[in-house]
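Just so we're on the same page, this note's numbering is the position in the sequence shown counted from 1, plus 1200.
The hints are simulated quantities; they were obtained by calculation from the structure and are not laboratory data. Treat the hints loosely; a few may be bogus.
Using C-beta positions, here's what the derived DEER-type ranges look like [to be verified]:
| no. | residue 1 | residue 2 | range |
| --- | --- | --- | --- |
| 1 | 1253 | 1338 | 20 to 26 Å |
| 2 | 1493 | 1215 | 24 to 30 Å |
| 3 | 1307 | 1339 | 25 to 31 Å |
| 4 | 1304 | 1228 | 41 to 47 Å |
| 5 | 1429 | 1203 | 48 to 54 Å |
| 6 | 1368 | 1211 | 22 to 28 Å |
| 7 | 1423 | 1338 | 29 to 35 Å |
A virtual CB, placed ideally from N, CA and C, is assigned to each residue, including glycine.
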Amino acid sequence: MVADLYTVSFAAMGSRCEVRIAAPDGDAARHIAMHAIDEVRRIEQKYSRYRDDSVVSRINAAAGKHAVACDEETASLLAYADRLHATSDGRFDITSGVLRKAWDFRNAVLPQTSALRDLLPLVGWDKVLHNGASVFLPLQGMELDFGGFGKEYVVDRAAEVLAVMGVRHGYVNLGGDMRFLGPRPDGAAWDIGIQDPRDISATVASIPISRGALATSGDYERFIEVDGRRYCHVLDPRSGMPVSYWRSVSVLAPLAITAGSCTTTAMLLEEDGRDFLERSGLSYLAIDHDGRIFRRTP
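My request is simple: use the sequences and hints to build the entire structure.
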């Protein structure tokens, strides 16, 4: 007997989310999905910069004052951030979130040069002191933000909860970052469309996926247009200015955190992003500023 598919939708991390799994009935699907959703809520509460009691907020509040002790999970995320910084030539920097104070993507107004000039000295992962047991931001006003890979980490954790519960057919989707636990109940792959970055009602490709993860970064997610030029939310930590070479980058990987990190790194590396994607050995589809499509298939 082939189980039916059920979708449990919810909101988290500022995104529309869903767990879609095969189960005997709707009640069973909701019961199973809630375990994954509880894990999403746990991590969101622990690391959200919007909560004063989160780990991230406590670290940021202690900037320039004292070190903050880290548990094993936080230490592992900091270690991952360290690797991303090293493999991206310093472009992937989780201290660069402070630059959002200069950028307002709700209004089509560029930041004052002085605002960026004042914030740039607060950016620099190489300034941060961490040893696996604690972390210290040496300058008052410095901030950490796991937003560059946090959502993808949550996707993986939620998927692992479902796997432990025996789910073999389904996926977790947090705002477009997806992790697949197995094919459809009949064995067919999931057919996932890649959005056209210049037409939200259209797709540029369809990718069959049975297991693994898919993530996309693009200049269409949050942006403003000023004098005919698009400024997206992916900011170069060296200048504080948005990147502009890629319209979108999608990557397939075994883990969502790997896929998401690769898409963001490629965006940040701009014209060198394609070489980075090729060296990764992962499948990808990237669209440059002229609309040209580059891809590596499985």
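Checklist entry - Quick one: are residue 1253 and residue 1338 within 20 to 26 Å, going by C-beta? => result For residue 1338 against residue 1253, whose Cβ atoms are near 23 Å apart, the range 20 to 26 Å holds.
Next on the checklist: Verify the CB-CB distance for residue 1423 and residue 1338 against the hinted window 29 to 35 Å.
Outcome noted: For residue 1338 against residue 1423, whose Cβ atoms are near 33 Å apart, the range 29 to 35 Å holds.
Next on the checklist: 48 to 54 Å was suggested as the range; check whether the CB atoms of residue 1429 and residue 1203 agree with it.
Outcome noted: Holds: the Cβ-Cβ distance is about 50 Å, inside 48 to 54 Å.
Checklist entry - Lying within 25 to 31 Å: is that true of the beta-carbon distance residue 1307 to residue 1339? => result Roughly 28 Å apart at Cβ, these two residues keep to the hinted range, so it holds.
Checklist entry - Per the hint of 24 to 30 Å, is the separation of the Cβ atoms of residue 1493 and residue 1215 within bounds? => result holds (26 Å)
Item to check | residue 1368 versus residue 1211 beta-carbon gap, inside 22 to 28 Å or not | outcome: holds (27 Å)
Item to check | residue 1304 paired with residue 1228, Cβ distance criterion 41 to 47 Å | outcome: holds (45 Å)
Comparing the model with each earlier hint shows no violations; every hint is respected.
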